[in-house]
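Asks: Listed here are the chains, written in short residue letters.
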Amino acid sequence: MSEQFEPTIIGFTCNWCSYRAADLAGTSRMKYAPNVRLIRMMCSGRLDPTFVLRALSSGADGVMITGCHPGECHYIEQNYKALRRFLLLRRVLAGLGIEPERVKLVWASAAEGARFASETTAFVEEIRKLGPLNWGKTDDRQQTMDDVESSVVNRPSSEMEVPA
Amino acid sequence: MTANAKPKFAMYWAASCGGCEIAVLNTHEKILDVDANFDVVFWPVAMDAKYKDVEAMENGSILLTLFNGGIRNDENEHIAKLLRQKSKILVSFGSCACEGCIPGLANLSPVGDIVHTAFNTITTDNPNEIYPQTTFDAPEGELHIPKLFPVLRPLDQVVDVDYYMPGCPPESHQIAAVIDLVIKVVKGEAELPPKGATIGVGDSTVCDECPLARNVKMIKEFKRIQDIAPVDPTLCILEQGIPCNGPATRSGCNARCPQAGAQCIGCYGPAEGVMDYGARLITAFASVIDATTPEEIDHILDGIPDPTGQVYRFNLAGSLLKANREAWKV
Numbered sequence: 016m017s018e019q020f021e022p023t024i025i026g027f028t029c030n031w032c033s034y035r036a037a038d039l040a041g042t043s044r045m046k047y048a049p050n051v052r053l054i055r056m057m058c059s060g061r062l063d064p065t066f067v068l069r070a071l072s073s074g075a076d077g078v079m080i081t082g083c084h085p086g087e088c089h090y091i092e093q094n095y096k097a098l099r100r101f102l103l104l105r106r107v108l109a110g111l112g113i114e115p116e117r118v119k120l121v122w123a124s125a126a127e128g129a130r131f132a133s134e135t136t137a138f139v140e141e142i143r144k145l146g147p148l149n150w151g152k153t154d155d156r157q158q159t160m161d162d163v164e165s166s167v168v169n170r171p172s173s174e175m176e177v178p179a
Numbered sequence: 002m003t004a005n006a007k008p009k010f011a012m013y014w015a016a017s018c019g020g021c022e023i024a025v026l027n028t029h030e031k032i033l034d035v036d037a038n039f040d041v042v043f044w045p046v047a048m049d050a051k052y053k054d055v056e057a058m059e060n061g062s063i064l065l066t067l068f069n070g071g072i073r074n075d076e077n078e079h080i081a082k083l084l085r086q087k088s089k090i091l092v093s094f095g096s097c098a099c100e101g102c103i104p105g106l107a108n109l110s111p112v113g114d115i116v117h118t119a120f121n122t123i124t125t126d127n128p129n130e131i132y133p134q135t136t137f138d139a140p141e142g143e144l145h146i147p148k149l150f151p152v153l154r155p156l157d158q159v160v161d162v163d164y165y166m167p168g169c170p171p172e173s174h175q176i177a178a179v180i181d182l183v184i185k186v187v188k189g190e191a192e193l194p195p196k197g198a199t200i201g202v203g204d205s206t207v208c209d210e211c212p213l214a215r216n217v218k219m220i221k222e223f224k225r226i227q228d229i230a231p232v233d234p235t236l237c238i239l240e241q242g243i244p245c246n247g248p249a250t251r252s253g254c255n256a257r258c259p260q261a262g263a264q265c266i267g268c269y270g271p272a273e274g275v276m277d278y279g280a281r282l283i284t285a286f287a288s289v290i291d292a293t294t295p296e297e298i299d300h301i302l303d304g305i306p307d308p309t310g311q312v313y314r315f316n317l318a319g320s321l322l323k324a325n326r327e328a329w330k331v
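Chains as they are written, first to last, in our numbering: chain A, 16 to 179; chain B, 2 to 331.
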């Protein structure tokens, strides 16, 4: 088991800047860690914290939220909302025993392909140090609990009709 | 059983406080309709019945079971599976069964810490460190008490559930309406809602039902309600800086708490279409903060001393993450 742990990262990008930054990094043939799976949204303000929790609970080890620099939002001020959600979400995650560092917010304009690439690589290394989150395995834990001795089997589903 | 016998009714409490049973009794004379139309076969808080009596029943012989409480130990799980087997309609009744409720907040702590807090802290004098054991050899034979699970689970994480009826407790007028509906179904005068539906609720949010005045909310400081005196009884509670869970919470209670000048604490659970209650609330709180720099935002957020408990007060066990990571470690 000497293989290096490869984290799974979900990255949310804004259509107007950070997605284009990623695009620029690609067309400029910059190298960055391949662990991140990008999902494009119209704006970082579209980022419902549900997306982050869903990603973490489904097996992601870290989530990267990216958007336009403060003051440069295509929709005037939505990246500030993303910032506030991010800061509150980190506090909630800490209460659930998840390192807040597993969620990162990066501002990157359409011209900052190099920044996008270096931030992504740095984040992957941070998560590699933190180790796997393994939250997706909660179903296995549930199975452990279901194994507790029980004399009752599940009721047959054919008996759902209600008498008139 | 004769052909014209009354349909059977059961109610059970697992890890819960008993408030749901009180809410059922609070339907006042409607409880007589239950007695007139149903044969109550199992209801530990109200009548004497043994588990073996339930075990002896035919599968599916109970028409309606209201199950309140979460699944905290193996006895809860055993009865949940037993009642699922014996019931035609199993209703996840009350916040505990639907989403964990206050007992679900124990999912923030490992089970060992919970037992320690209950049996050996400043409120419990236990110098010899005597803890409950799951088995005991008595002269009459071996005795068992239920084994605690690592975390509390809502009912639908253990068995198949037909309907959900949230609330801590469900409002009595909603219970009465549901009882009326089931009686009509029995008489063939109405049809049941589709399986998996949430019943006895509104289809919007608490804010939608709340009569308090609302303006553009911009908050410079979060405060706890006890630090504000007096609360303005006409103005939106969140606007006054008190974290109010109304924006994410399902309607159905007629916004009772805000109308009484207190914040909504979210007992009716996630509104229609909300996948994770806490995430929705994070969005709501973040939207009203009047600050643009990380430092200032953090300073305002310091006004919420327990963010996880605030946004998941009733919903932790039913949330996407379900529990604290430490609590999962068995």
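Source of the hints: derived by calculation from the structure; they are not laboratory data. The reader is advised that the hints may include incorrect statements.
[To be verified] Now the stretches of chain B that chain A is said to cover, found in silico as 3 or more residues with beta-carbon under 8 Å:
| hint | segment |
| --- | --- |
| 1 | 15-23 |
| 2 | 278-292 |
| 3 | 312-324 |
Glycine included, each C-beta is placed from N, C-alpha and C at the ideal position.
Asks: Check each numbered hint against the structure and report the violated ones by number, ascending.
Replies: 1
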